[in-house]
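If you're matching them up, the sequences are chains A, B and C in order.
Position 50 (the first sequence) corresponds to 50 in this note's numbering; numbering is contiguous.
Position 257 (the second sequence) corresponds to 257 in this note's numbering; numbering is contiguous.
Position 55 (the third sequence) corresponds to 55 in this note's numbering; numbering is contiguous.
Just so you know, these hints were derived from the structure itself, not from any lab.
Just so it is clear, CB atoms sit at the ideal spot from N, CA and C, and this is done for glycine as well.
Keep in mind that the hints are not guaranteed to be accurate.
Claimed, not checked - No more than 27 Å apart at the CA atoms, straight line, and that leaves these computed lysine-lysine pairs for BS3-like: (1) 119(B) with 291(C); (2) 492(C) with 38(B); (3) 206(C) with 38(B); (4) 375(C) with 78(B); (5) 90(C) with 38(B); (6) 105(A) with 229(B); (7) 461(C) with 291(C); (8) 3(B) with 300(C); (9) 110(B) with 105(A); (10) 112(C) with 105(A); (11) 21(B) with 300(C); (12) 206(C) with 3(B); (13) 581(C) with 276(C); (14) 334(C) with 21(B); (15) 15(B) with 182(C); (16) 445(C) with 38(B); (17) 461(C) with 38(B); (18) 3(B) with 334(C); (19) 334(C) with 24(B); (20) 78(B) with 24(B); (21) 21(B) with 206(C); (22) 24(B) with 300(C); (23) 38(B) with 448(C); (24) 461(C) with 24(B); (25) 105(A) with 320(C); (26) 38(B) with 488(C); (27) 105(A) with 334(C); (28) 24(B) with 206(C); (29) 324(C) with 105(A); (30) 119(B) with 105(A); (31) 21(B) with 461(C).
To be verified - Part of the chain A face toward chain B, derived, beta carbon under 8 Å: (32) 13; (33) 43; (34) 47; (35) 69; (36) 72; (37) 74; (38) 100; (39) 104; (40) 107.
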Amino acid sequence: MAKTTRFKSGLLSSLIPFGFNVERWGYVVHRVTGVILIGYLAAHLFETFQLSLGPGAWANTMAALHSLGPLEMVGLWLVAGSALYHGANGIRLVLNEMFGMLMGKPIMPVYPYSPTSLGRNQKIAVWTITAVVLVLWLWAGLYLLAGLGVV
Amino acid sequence: MDKITMEVVRSDGNKTRYDLKFRKGMTVLDALIEVREKQDPTLAYRHSCRMGICGSCGMNIQGMPRLACQTQVSSLGKETVRVEPLHGMHVIKDLVVDIDPFLAMHTFVKPYLIRQDLKERDRSDREYRVLSEEVERFLQFDYCIMCALCYSACPTVALDPYYLGPQAIGQAYRYMADPRDEGWEQRVDLLDEAQGVWRCHVAGSCSLVCPKDVDPAKAVQMARMEILKKRVLRKRAKAGSPLVSVAPAAAPKQGTKAPPFDFRREGT
Amino acid sequence: MVEVIDHDVVIVGSGLAGLRAAAELLSTNRGEGLSLAVVSKLALMRSHSVAAEGGTAAVLYPEEGDSLELHAWDTIKGSDFLADQDSVWKFVTLCPEEMRQLERWGMPWSRKPDGRIAQRPFGGHSYDRATFAQDKVGFFEMRTLYDKLQEYGGWARYEETFVTSLVIGDGMFTGCTAIDMKHGKFVYLRARACVIATGGAGQLWKFTATSVSTTGDGIGLAYRAGLPVEDMEFMQFHPTGLIPTGILITEGARGEGGHLLNSKGERFMERYAPSKMELSPRDVVSRSIMKEIAEGRGFKDEDSGLSYVSLDLRHLGREKIDSKLPFIKELSMKFVGIDPVEDPIPIKPTAHYTMGGIPVNDSGRVLDENMREVKGLWAAGETACVSIHGANRLGSNSTAECLVYGRLVGRDILAFLSSQAAGSPETVSQDVAKEEARIFDGLMKNEKADEDVYAIKARLKEVMDRSVYVFRERAGLADAVREVRDLKERFKGVRVADGGRLFNYNLQDVLEVGVMLELAEVVAQGALNRTESRGGHSRLDFPQRDDASWLKHTLARRAEGGPQFSFAPVRITMWKPVERKY
Chain A
1 MAKTTRFKSG LLSSLIPFGF NVERWGYVVH RVTGVILIGY LAAHLFETFQ
51 LSLGPGAWAN TMAALHSLGP LEMVGLWLVA GSALYHGANG IRLVLNEMFG
101 MLMGKPIMPV YPYSPTSLGR NQKIAVWTIT AVVLVLWLWA GLYLLAGLGV
151 V
Chain B
1 MDKITMEVVR SDGNKTRYDL KFRKGMTVLD ALIEVREKQD PTLAYRHSCR
51 MGICGSCGMN IQGMPRLACQ TQVSSLGKET VRVEPLHGMH VIKDLVVDID
101 PFLAMHTFVK PYLIRQDLKE RDRSDREYRV LSEEVERFLQ FDYCIMCALC
151 YSACPTVALD PYYLGPQAIG QAYRYMADPR DEGWEQRVDL LDEAQGVWRC
201 HVAGSCSLVC PKDVDPAKAV QMARMEILKK RVLRKRAKAG SPLVSVAPAA
251 APKQGTKAPP FDFRREGT
Chain C
1 MVEVIDHDVV IVGSGLAGLR AAAELLSTNR GEGLSLAVVS KLALMRSHSV
51 AAEGGTAAVL YPEEGDSLEL HAWDTIKGSD FLADQDSVWK FVTLCPEEMR
101 QLERWGMPWS RKPDGRIAQR PFGGHSYDRA TFAQDKVGFF EMRTLYDKLQ
151 EYGGWARYEE TFVTSLVIGD GMFTGCTAID MKHGKFVYLR ARACVIATGG
201 AGQLWKFTAT SVSTTGDGIG LAYRAGLPVE DMEFMQFHPT GLIPTGILIT
251 EGARGEGGHL LNSKGERFME RYAPSKMELS PRDVVSRSIM KEIAEGRGFK
301 DEDSGLSYVS LDLRHLGREK IDSKLPFIKE LSMKFVGIDP VEDPIPIKPT
351 AHYTMGGIPV NDSGRVLDEN MREVKGLWAA GETACVSIHG ANRLGSNSTA
401 ECLVYGRLVG RDILAFLSSQ AAGSPETVSQ DVAKEEARIF DGLMKNEKAD
451 EDVYAIKARL KEVMDRSVYV FRERAGLADA VREVRDLKER FKGVRVADGG
501 RLFNYNLQDV LEVGVMLELA EVVAQGALNR TESRGGHSRL DFPQRDDASW
551 LKHTLARRAE GGPQFSFAPV RITMWKPVER KY
């Protein structure tokens with residue numbers, strides 16, 4: 001067989017799916033937020049572990065963190081958003097995958113085609129989650145800004 | 001518009017541009033045929049039925065996997081049509097990709113009617129009684145033309161080449177939902193793997209691009225429910241359909257001479 | 001360099017007949033000890049059989065009024081009495097088993113309310129015996145057979161492998177040469193038995209319902225190997241082909257109650273076939289449509305210049321169309337933007353089915369010009385001419401024929417193989433090297449080549465559409481013969497522009513057009529010779545059927561100056577020919 005290459009497979013084209021459905025973008029955000037949350041988990045474990053190394057280590061860690069300035073709050077804000085989105089979308093995914101909800105029933109396809117798994121119920125769930133998450137995320141942002149003394 | 005430009009990605013990865021006159025009702029396949037016949041006979045692409053039923057002409061048009069024979073150039077809304085081979089599969093030449101891994105996944109899920117008693121299954125003098133409602137439970141998934149558009153659109157397939165893919169799981173579910181099938185247990189075991197059903201995270205792109213509304217995303221979730229039924233709820237497989245005895249009355253054995261025909265029936 | 005591959009059985013063509021033969025071979029003893037190869041120039045499940053829409057005929061309910069005699073009578077009368085009646089009888093007795101066997105293998109037939117397999121009315125049948133699966137019967141049958149084959153391991157698939165010639169020595173089949181498109185290799189598939197099931201030759205015409213792949217390859221293989229081809233002048237023009245592409249709108253639309261209307265809004269079939277109306281056999285309906293158009297009562301499509309009449313399904317209602325004819329709705333909305341619930345569909349007769357083909361006996365064994373069997377060679381499906389369909393095929397009989405003959409051929413091959421000891425493989429015939437030289441040195445390296453194969457193909461299709469269509473007459477046919485001979489001369493200087501080895505579709509197109517030109521000459525000359533009208537062959541200058549001189553099959557063999565014609569008698573065992581009125 002002549003030399004063949006796997007055409008545009010891998011990370012880039014699957015992570016930026018232009019022209020695809022909103023659930024696909026949701027899939028991308030879900031994966032990215034999942035990575036952020038795992039990163040946060042590791043960082044949090046490391047930070048809390050410092051406590052067991054004595055008050056000096058703890059004070060150093062806190063100083064290092066606070067030296068980031070506003071970046072620390074931005075980082076926490078991102079983590080808050082990730083947790084909100086990943087959790088809420090995760091609930092929708094559990095409904096889809098474990099209970100077969102929001103997918104619709106097998107039907108006789110009638111042209112023009114409109115798959116039931118991407119139908120009205122699914123879209124309502126997706127946009128409701130997006131709206132709720134955005135509202136809560138903004139509220140979390142305001143809360144953090146208050147902590148900074150800005151608001 | 002009266003002129004269009006086809007921008008085709010060739011074997012070496014470079015784009016070649018072909019200018020064509022636009023005709024009313026022209027599909028992307030019509031344009032590619034015109035390119036091969038009038039401009040560049042070395043352009044390779046698959047096609048056969050030109051009516052959206054054989055599944056040969058899958059390719060990426062304006063960034064989405066589509067069937068070329070049923071994509072109207074006018075519906076794309078642009079004067080330049082970007083055509084690439086299907087993503088996620090090896091390119092053999094120009095727009096021809098290697099679908100052998102895709103076909104192998106399909107064969108792996110045992111996509112045929114499994115029954116315990118093979119002799120009884122291969123009898124041909126009577127049929128199973130199946131009601132229309134029972135057929136509707138799996139018929140949608142039987143519409144699959146094996147065009148590989150869903151397989152190409154799936155992000156999990158792009159990241160994990162050993163994932164079964166929406167088409168294979170969809171076909172496994174088609175047989176699990178068929179009331180005549182007794183292979184439920186076997187298929188649950190095949191799908192209940194790390195690279196079986198559990199890789200799917202409902203991106204839904206498979207159902208978006210499917211040209212026949214097979215809705216593989218739905219099939220995968222329904223397959224999951226079947227697995228949960230077995231593993232969690234410990235349900236047993238359901239019994240198969242009862243047989244209907246419809247042996248034709250007094251069928252002549254093969255080879256006997258035909259009885260004389262009543263000519264009074266002529267003119268019916 | 002030639003790669004030699006040995007198998008016991010090679011099946012060329014993977015449509016309904018080819019896959020059914022493979023299923024029969026593999027399901028007996030689960031294929032143990034048998035080395036089977038299925039070869040197709042497309043992927044296995046992409047054959048044109050998937051486009052079959054309407055139904056498959058079988059006498060499933062004789063206790064409700066149907067009977068085998070009636071099915072046989074309908075088929076023989078539909079064939080305009082050119083069918084071989086003993087073969088028709090054998091065929092109708094085997095159809096019911098095939099329907100039930102497929103059902104056992106997973107076929108989703110549409111069902112009656114009590115759960116039994118449903119049937120619907122179809123053209124030319126006196127009883128509603130077309131077993132249907134919505135309106136995609138060929139597609140579901142192909143899916144069922146392809147899925148069934150996945151159960152068995154140990155058989156080889158040669159997909160996208162274009163068979164270029166048959167090697168026949170001493171009246172015995174030895175192998176076939178092929179180009180493996182995926183790897184760019186020239187292979188010789190050597191086998192003890194071969195089934196040719198490559199379909200018909202609908203692509204000779206421009207306005208056709210067939211796939212681009214239906215170029216008569218298998219018929220050409222036999223013709224070029226010196227075997228005769230039978231009844232090629234009989235081409236069926238299916239009445240309802242969508243304007244402007246020719247895509248098929250199933251006869252089932254008329255079976256469910258659709259009407260054909262001319263430009264005045266009349267159901268014109270009243271004038272031509274008052275008792276069966278739209279459900280007359282296809283040749284009758286096609287002729288009626290063309291007469292209406294010729295007498296000025298058709299419509300004209302400005303963009304393509306084609307004339308047409310209307311198929312009206314509006315009175316069926318949305319629910320019936322969505323449940324029984326969904327594919328028709330999809331096709332008409334996708335390709336012409338018409339919703340059949342709102343507007344009538346524009347249609348015209350389209351080249352659809354090749355009644356002729358490779359002459360076989362009623363076990364599917366290929367016959368030579370003396371009606372003796374060629375050892376080791378079978379043909380099944382549309383490629384073969386048994387002849388069951390005679391001069392005109394009834395709808396839903398072809399899918400049935402493919403299944404029945406796929407099975408008969410499979411069984412016959414098993415009997416043949418067990419009765420023959422496997423000999424030691426002989427040396428590779430010189431014909432293989434000659435074929436390789438013809439293609440790779442002759443065609444591809446032709447120094448003086450300057451002809452464009454696509455221009456030749458386009459001209460051929462135009463000529464066939466113009467002169468060898470529903471109605472034919474002497475001047476037009478003589479013109480067509482002359483033009484085809486002209487094109488054959490031009491073809492000698494054809495240029496293969498793509499010099500590559502991998503997926504060289506240009507070379508495949510050239511090889512296909514070579515075969516198409518030969519078959520077109522047989523069709524046109526055969527039509528010119530036959531001075532009568534029978535079934536799908538209608539002559540304006542000889543409008544009557546002439547049983548005295550023309551109740552015989554045409555056989556054509558390849559020769560230097562064009563096809564050589566001879567004749568074979570029709571086997572009449574049950575009913576003498578009568579006038580064919582509907």
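(request) Please work out if residue 38(B) and residue 488(C) have their alpha carbons no farther apart than 27 Å. (result) 21 Å, holds
(message) Tell me if the straight-line CA distance from residue 3(B) to residue 300(C) falls inside 27 Å.
(response) 26 Å, holds
(message) Checking one constraint from the list: CA of residue 112(C) to CA of residue 105(A), max 27 Å. Satisfied?
(response) Status holds; Cα separation ~23 Å.
(request) Below or equal to 27 Å on CA atoms is what counts here, so check residue 90(C) against residue 38(B). (result) Cα-Cα ~49 Å, so violated.
(message) Against the 27 Å threshold, does the CA-CA distance of residue 375(C) and residue 78(B) hold or violate the hint?
(response) 58 Å, violated
(message) Quick check on the hint: residue 13(A) CB to chain B CB, less than 8 Å?
(response) 6 Å, holds
(message) Can you confirm whether the C-alpha distance between residue 105(A) and residue 334(C) stays at or below 27 Å?
(response) Cα-Cα ~25 Å, so holds.
(request) With chain B as the partner, please determine if residue 47(A) meets the hint condition of a C-beta pair closer than 8 Å. (result) Status violated, d = 30 Å.
(request) Mind checking the alpha carbons of residue 492(C) and residue 38(B) for me, to see if they're no more than 27 Å apart? (result) 20 Å, holds
(request) Under 8 Å, Cβ to Cβ, is where residue 43(A) needs to be relative to chain B, so tell me if that hint holds or is violated. (result) Given a least distance of 25 Å, the restraint on residue 43(A) is violated.
(message) Under 8 Å is the threshold here; is the Cβ of residue 100(A) close enough to any Cβ of chain B for the hint to stand?
(response) Status holds, d = 5 Å.
(message) Run the distance test for residue 110(B) versus residue 105(A): straight-line Cα separation, threshold 27 Å.
(response) Cα-Cα ~24 Å, so holds.
Comparing the model with each numbered hint stated earlier shows that hints 1, 4, 5, 30, 33, 34, 35, 36, 37 do not hold.
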